[in-house]
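Student: Sequence:
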Amino acid sequence: MDPLVSVVMPVCNSEPYLCDSIGSVLKQSMTNFELIVVDDASADRSVEIIDEMAAADPRITFISLKENRGVAEARNIALTSARGHYVAFLDSDDCWESQKLEKQLNAMGETRCPLCACSYRMHFEDSSKRKPDRVFHVPNRISYDDLLRVNYFVTSTVVIESKLVPQKMFDASLMHEDYGAWLALLRNGQEACGIDEPLAMYRVRAGSRSSNKVVSAWGRWDALKRCTDEPLMRRVALFLQYAVSGLKKYGFSHE
Numbered sequence: 583m584d585p586l587v588s589v590v591m592p593v594c595n596s597e598p599y600l601c602d603s604i605g606s607v608l609k610q611s612m613t614n615f616e617l618i619v620v621d622d623a624s625a626d627r628s629v630e631i632i633d634e635m636a637a638a639d640p641r642i643t644f645i646s647l648k649e650n651r652g653v654a655e656a657r658n659i660a661l662t663s664a665r666g667h668y669v670a671f672l673d674s675d676d677c678w679e680s681q682k683l684e685k686q687l688n689a690m691g692e693t694r695c696p697l698c699a700c701s702y703r704m705h706f707e708d709s710s711k712r713k714p715d716r717v718f719h720v721p722n723r724i725s726y727d728d729l730l731r732v733n734y735f736v737t738s739t740v741v742i743e744s745k746l747v748p749q750k751m752f753d754a755s756l757m758h759e760d761y762g763a764w765l766a767l768l769r770n771g772q773e774a775c776g777i778d779e780p781l782a783m784y785r786v787r788a789g790s791r792s793s794n795k796v797v798s799a800w801g802r803w804d805a806l807k808r809c810t811d812e813p814l815m816r817r818v819a820l821f822l823q824y825a826v827s828g829l830k831k832y833g834f835s836h837e
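So for the sequence shown, our numbering puts the first residue at 583; every next one is plus one.
It is possible that some hints are incorrect.
35 Å max Cα-Cα, derived DSBU-like pairs, lysine-lysine [what the hints assert, rightly or not]:
#1 K750 - K807
#2 K648 - K609
#3 K609 - K750
Quick caveat, the hints were computed from the structure, so don't treat them as lab data.
These figures come from a predicted structure and were not determined experimentally.
Whole structure, please, built from the sequences with the hints as guidance.
Tutor: Next comes the structure, spelled out in C-alpha cells:
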C-alpha cells in the first residue's frame, strides 16, 4: 500500500542536526508516511548516520548522490520517487513538532485547500550574537497576492497534494528556488490554508542564505522578476515591502 505522505529531505553536510531532524519525522503521530532522504555528496558523517537510521526503519528511502547537485536538484530527485497522496518537505537542519503532519492533513481536509503551511519557530544559531527564538505567524488563508507581499512559506512547513507537483518543481537556476515554486503553485488561483501554530523549527545558521540579507534580497528580486508577470514598478513596490518585513522578521543588524 502506498504511503499517505511522502516526506522529502535533501541533505548536505548536516551531521550535527540529522538525528534530530529525521527523528522528528519518525516521531509523527501520523505514521503512514515515507521519508525520502537525498544526500547531496556530503563530506561529513551524514551518509553514515542516514544509513544507520534507514536500516532501523523501513519507511526511510535513502538516495546518495556522488556529485553535488544543489538543494533544488536534490529535492527534484526525491520527488521522482515520491508515492504519497501528499508531499511534505523538511530541510535537514530543521525539525517538526510531533503532530505537524496530522494537523496539516486535517486542515487540508476541512478547508479543501491543496496546500498548507504552518507557523514556525525561528532558531538563530549565530553564537557570536545570540538572538532569542521568534515565532513567525501565518494567516488562515494565503493567496498569490498575499505571497507576493510576504513569503509565508518556509519549505519545512509546507504540505501539498502530490497531483499539483510538477516534474521539475524547483528551478536550480533561482537563488530562492522554493519561493519560485510556491509562486508558480498559487498564481493560477489556488489558495493555501495556514495553521497559526508553530509546528516546525526553522534553523537560521550563520553564513546561510537566510542569514545573509544582501544575498537574500537579491534572490527575492530575481524570483519576482522571473516568476511573475508583475510590471516593473509593482515589483519595486513589492521588493521594498519585502525589505521592511525582512528587517522585522530577522531583526536589525550592523552586518
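Student: For each hint, tell me whether it holds in the structure or not.
Tutor: Structure-based check of each hint:
no., hint, in the structure
1, K750 - K807, "holds, 19 Å"
2, K648 - K609, "holds, 30 Å"
3, K609 - K750, "holds, 30 Å"
Violated hints: none; the structure is consistent with every hint.
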